[in-house]
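Number of protein chains: 4
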Amino acid sequence: MNDYKTLRQEAFEANMEIPKRGLAIYTWGNVSAFDKTAGVFAIKPSGVSYETLTADSIVVVDLEGKTVWGKLRPSSDTETHRILYRAFPGIGGITHTHSTFATARAQAARGVPVFGTTHADHGAEEIPCTGFLSKEAVESGYERETGTLIVSTFKATGKNPAHMQMVLVAGHGPFTWGADAAQSVYHAAVLEEICKMAYITLQINPGTSPLPARIINKHWERKHGPSSYYGQK
Amino acid sequence: MNDYKTLRQEAFEANMEIPKRGLAIYTWGNVSAFDKTAGVFAIKPSGVSYETLTADSIVVVDLEGKTVWGKLRPSSDTETHRILYRAFPGIGGITHTHSTFATARAQAARGVPVFGTTHADHGAEEIPCTGFLSKEAVESGYERETGTLIVSTFKATGKNPAHMQMVLVAGHGPFTWGADAAQSVYHAAVLEEICKMAYITLQINPGTSPLPARIINKHWERKHGPSSYYGQK
Amino acid sequence: MNDYKTLRQEAFEANMEIPKRGLAIYTWGNVSAFDKTAGVFAIKPSGVSYETLTADSIVVVDLEGKTVWGKLRPSSDTETHRILYRAFPGIGGITHTHSTFATARAQAARGVPVFGTTHADHGAEEIPCTGFLSKEAVESGYERETGTLIVSTFKATGKNPAHMQMVLVAGHGPFTWGADAAQSVYHAAVLEEICKMAYITLQINPGTSPLPARIINKHWERKHGPSSYYGQK
Amino acid sequence: MNDYKTLRQEAFEANMEIPKRGLAIYTWGNVSAFDKTAGVFAIKPSGVSYETLTADSIVVVDLEGKTVWGKLRPSSDTETHRILYRAFPGIGGITHTHSTFATARAQAARGVPVFGTTHADHGAEEIPCTGFLSKEAVESGYERETGTLIVSTFKATGKNPAHMQMVLVAGHGPFTWGADAAQSVYHAAVLEEICKMAYITLQINPGTSPLPARIINKHWERKHGPSSYYGQK
Numbered sequence: 054m055n056d057y058k059t060l061r062q063e064a065f066e067a068n069m070e071i072p073k074r075g076l077a078i079y080t081w082g083n084v085s086a087f088d089k090t091a092g093v094f095a096i097k098p099s100g101v102s103y104e105t106l107t108a109d110s111i112v113v114v115d116l117e118g119k120t121v122w123g124k125l126r127p128s129s130d131t132e133t134h135r136i137l138y139r140a141f142p143g144i145g146g147i148t149h150t151h152s153t154f155a156t157a158r159a160q161a162a163r164g165v166p167v168f169g170t171t172h173a174d175h176g177a178e179e180i181p182c183t184g185f186l187s188k189e190a191v192e193s194g195y196e197r198e199t200g201t202l203i204v205s206t207f208k209a210t211g212k213n214p215a216h217m218q219m220v221l222v223a224g225h226g227p228f229t230w231g232a233d234a235a236q237s238v239y240h241a242a243v244l245e246e247i248c249k250m251a252y253i254t255l256q257i258n259p260g261t262s263p264l265p266a267r268i269i270n271k272h273w274e275r276k277h278g279p280s281s282y283y284g285q286k
Numbered sequence: 054m055n056d057y058k059t060l061r062q063e064a065f066e067a068n069m070e071i072p073k074r075g076l077a078i079y080t081w082g083n084v085s086a087f088d089k090t091a092g093v094f095a096i097k098p099s100g101v102s103y104e105t106l107t108a109d110s111i112v113v114v115d116l117e118g119k120t121v122w123g124k125l126r127p128s129s130d131t132e133t134h135r136i137l138y139r140a141f142p143g144i145g146g147i148t149h150t151h152s153t154f155a156t157a158r159a160q161a162a163r164g165v166p167v168f169g170t171t172h173a174d175h176g177a178e179e180i181p182c183t184g185f186l187s188k189e190a191v192e193s194g195y196e197r198e199t200g201t202l203i204v205s206t207f208k209a210t211g212k213n214p215a216h217m218q219m220v221l222v223a224g225h226g227p228f229t230w231g232a233d234a235a236q237s238v239y240h241a242a243v244l245e246e247i248c249k250m251a252y253i254t255l256q257i258n259p260g261t262s263p264l265p266a267r268i269i270n271k272h273w274e275r276k277h278g279p280s281s282y283y284g285q286k
Numbered sequence: 054m055n056d057y058k059t060l061r062q063e064a065f066e067a068n069m070e071i072p073k074r075g076l077a078i079y080t081w082g083n084v085s086a087f088d089k090t091a092g093v094f095a096i097k098p099s100g101v102s103y104e105t106l107t108a109d110s111i112v113v114v115d116l117e118g119k120t121v122w123g124k125l126r127p128s129s130d131t132e133t134h135r136i137l138y139r140a141f142p143g144i145g146g147i148t149h150t151h152s153t154f155a156t157a158r159a160q161a162a163r164g165v166p167v168f169g170t171t172h173a174d175h176g177a178e179e180i181p182c183t184g185f186l187s188k189e190a191v192e193s194g195y196e197r198e199t200g201t202l203i204v205s206t207f208k209a210t211g212k213n214p215a216h217m218q219m220v221l222v223a224g225h226g227p228f229t230w231g232a233d234a235a236q237s238v239y240h241a242a243v244l245e246e247i248c249k250m251a252y253i254t255l256q257i258n259p260g261t262s263p264l265p266a267r268i269i270n271k272h273w274e275r276k277h278g279p280s281s282y283y284g285q286k
Numbered sequence: 054m055n056d057y058k059t060l061r062q063e064a065f066e067a068n069m070e071i072p073k074r075g076l077a078i079y080t081w082g083n084v085s086a087f088d089k090t091a092g093v094f095a096i097k098p099s100g101v102s103y104e105t106l107t108a109d110s111i112v113v114v115d116l117e118g119k120t121v122w123g124k125l126r127p128s129s130d131t132e133t134h135r136i137l138y139r140a141f142p143g144i145g146g147i148t149h150t151h152s153t154f155a156t157a158r159a160q161a162a163r164g165v166p167v168f169g170t171t172h173a174d175h176g177a178e179e180i181p182c183t184g185f186l187s188k189e190a191v192e193s194g195y196e197r198e199t200g201t202l203i204v205s206t207f208k209a210t211g212k213n214p215a216h217m218q219m220v221l222v223a224g225h226g227p228f229t230w231g232a233d234a235a236q237s238v239y240h241a242a243v244l245e246e247i248c249k250m251a252y253i254t255l256q257i258n259p260g261t262s263p264l265p266a267r268i269i270n271k272h273w274e275r276k277h278g279p280s281s282y283y284g285q286k
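Protein chains in written order, with my numbering: chain A, 54 to 286; chain B, 54 to 286; chain C, 54 to 286; chain D, 54 to 286.
No wet-lab data here; the hints were simulated from the structure.
Mixed in with the good hints, there may be bad ones.
A pair holds if it fits inside one copy or across any two, identical chains being indistinguishable in the list.
[Unchecked claim] Lysine to any residue pairs mimicking SDA-like chemistry, simulated, CA-CA at most 25 Å apart:
#1 K89 with R126
#2 K286 with D109
#3 K58 with Y103
#4 K212 with R197
#5 K73 with G145
#6 K73 with G284
#7 K276 with V191
With the rest of the complex left out, here is chain A (with noise of 0.2 Å):
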């Protein structure tokens, strides 16, 4: 029988960064791993936290939401996880945090504009932020209609999951995506200091511009694009 094993560790050491990259306190935040192949994603259990989290405690879940491994329950999120991995192909890890100005952020229904190149390296475009969900849509499930409404405000802007891998639910907070687990971590971590470097700079002067598209497109290419150069690739 299959234990998940690597992937439970790789969930679990994502989740690990979590308070380690200061993005979420207590039992906030979940980090889940997913094997395309099995179908499978391993995520953190519903509120435990941190200092007593281990790789053993994780639990793993299938497509159809069905518990295949672990005990515990798994996060009250995993909803939502669960309709990404079905709708976004090629994303391989997903992180949600309530880390402090990417919630806020949210809270103020408010996408984040590219004001700056640090936000270009990691996406060309604005970072959506969602509605908010119906009464009709939060009483029939909660958490897999979060991630329907991410998935069509993707679809409804035009964007590619691939090229922007972050979002904010509105009054909510964060849900990041990546190749990998870390990735995704990783990318929670960068739309935490894009929100906060947006709303100091808009503190500074309200009126500030998107950074010209032509600057944008470069820092976006020279890390993503067919002849990128960043990195030891």
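Knowing the structure of chain A, use the given hints to seat chains B, C and D on it.
Below, chains B, C and D without anything else, positioned relative to chain A:
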């Protein structure tokens, strides 16, 4: 003779969370733990730094305000704790801090509307802020009257102290409570984070609307309602 | 020959509180300890980092400004300390930092009204901010005149340096004092926290009123009045 | 064959100050150390995290942009460093970070007026902010042109890079330099603190006037003038 060792240890450990969580500097802040059966609470001694605090320096006081164990003078805020234990049935711990954002909001004398799910997870309503004590109240027993002011604020606004476990005392700072001392200090850390997020949210958009009631209630119910499904219980 | 070992040790330990409490980076800031009987004070040497500071590198200076012990050059702010020891009877230590919020408020050239009990516990009145030194004062002896400016600010506003132990020098930063060096650096940390809280308070509501006098006086009296009951004394 | 061991060690140690001083997260930021005699500089490799960085992974590049030691690809910002070493005589180290407040101010595209002595101690004039690169400049060699933009900004405003050793590149972030790599990263930390203080100062009073010239000049001269008396030299 009862030396209240377990109760003092509980109070000691909860008090040590104050510096660990960055909720106050030097000697500021205090936590108490209540033993309902014995009718006594264990509380931090006045003006003792966290670096030198031990379980043996914790003081035990009864509901008449008489010290029943310990040689040090109890916290100068002891009377406030005493009034709350008498008035709010079922609470087992109380925390007072001077955490930065909660204290600043208390200085601005404003309650905290529910701007997001971080808040709704811990209370489905505005966190209240009291008014200022009258000259007569200050002179007749300042700390006792601070407790009375909190109680009357809850009565006047119809709040249930089992559901809303945080308050700001105008011009002073936060008081929080919970099922035990550990939960009361957890609520102190949560309140500081909620106040920081509310601050940033209103700086981004001073006209931010509170979270829709359907989402507030959903988050409260999933953690605290009869069909709650957050955590491992 | 007197080597002022105890006094230098006191100054050394108080200086090390500056990096520990996050009140300045690199070599910025300085604390001195005064021996009233000997008429000398021990002070940080100029431009030495806290990582390499020892009690043996502390310099001892008399009230005429002459170095009586030590081979290093004393802090460039030594003359300011000297003037304050001469003018303010009873103080035993002085601290100067560049802590972020106190320095920013000094740059904005504004005193700090009493917005809450955190402030009132340490002073029952506005923390004053000086004006700017004249060209003549700058040229005739900048650091000495900075001391004189603080003294004249206190005289002009009728403040008692035994009751208000903090000041902001416009465009420069905070100076604080106390019964000994340790208390002066405690006041530096308190002032930074008060300035941060005042900043947030006024961002929340620019029209925030000062705390009612009845509560200011109560907090001051319970810590410092003839019938004080805070702490263990 | 010269392996530039001393130069690489200098660059390595200065790069490690970036995470230690909280000036960037993950792989962001880079420091170089210049050997004027050899006409080469040692610089951080591109995309390598500080946790795995060693002196042996540092890359050495000559003033034509050719790698003369090391197997890794140098920082993507290498061309900016190269242009600055060619244009600004006497500098021995350069630092680029994405520190929060300096980057936010660069995003708002505003220089930093001298609001206090913390600034004046490190520069007797406004810290300049460049304009945005043209489409032609971005396409012809973005990083080289960033260097050229800094140089032309200094020429246009008559600034001396030996006296003003900090600049904000609009929409991007800070570059700083100094007599050696260690001093360049010191200036990066100072710039972050100055930008944070300027931010808070202008939030307190948007109409804050710059520090009077008489005090600016005094602070600059006491640290850097012919009769300087700060420090132990």
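Against the structure, the hints:
In this assembly of identical chains, K89 and R126 lie within 25 Å of each other by CA distance solely inside one copy; the values are 22 Å within and 33 Å between copies. Only between protomers do K286 and D109 lie at most 25 Å apart by alpha-carbon distance; the minimum there is 19 Å, versus 34 Å within a single protomer. Taking identical chains as interchangeable, the C-alpha atoms of K58 and Y103 lie at most 25 Å apart only when both belong to the same chain, with a minimum of 19 Å there against 29 Å between chains. In this assembly of identical chains, the alpha carbons of K212 and R197 lie at most 25 Å apart only when taken from the same copy (20 Å versus 32 Å across copies).
In this assembly of identical chains, the alpha carbons of K73 and G145 lie at most 25 Å apart only when taken from the same copy (21 Å versus 31 Å across copies). Within a single copy, K73 and G284 get their C-alpha atoms as close as 24 Å, and across copies as close as 22 Å, so both meet the 25 Å cut-off. Proximity of K276 and V191 under a CA criterion of 25 Å is satisfied inter-copy only: 15 Å between copies versus 39 Å inside one chain copy.
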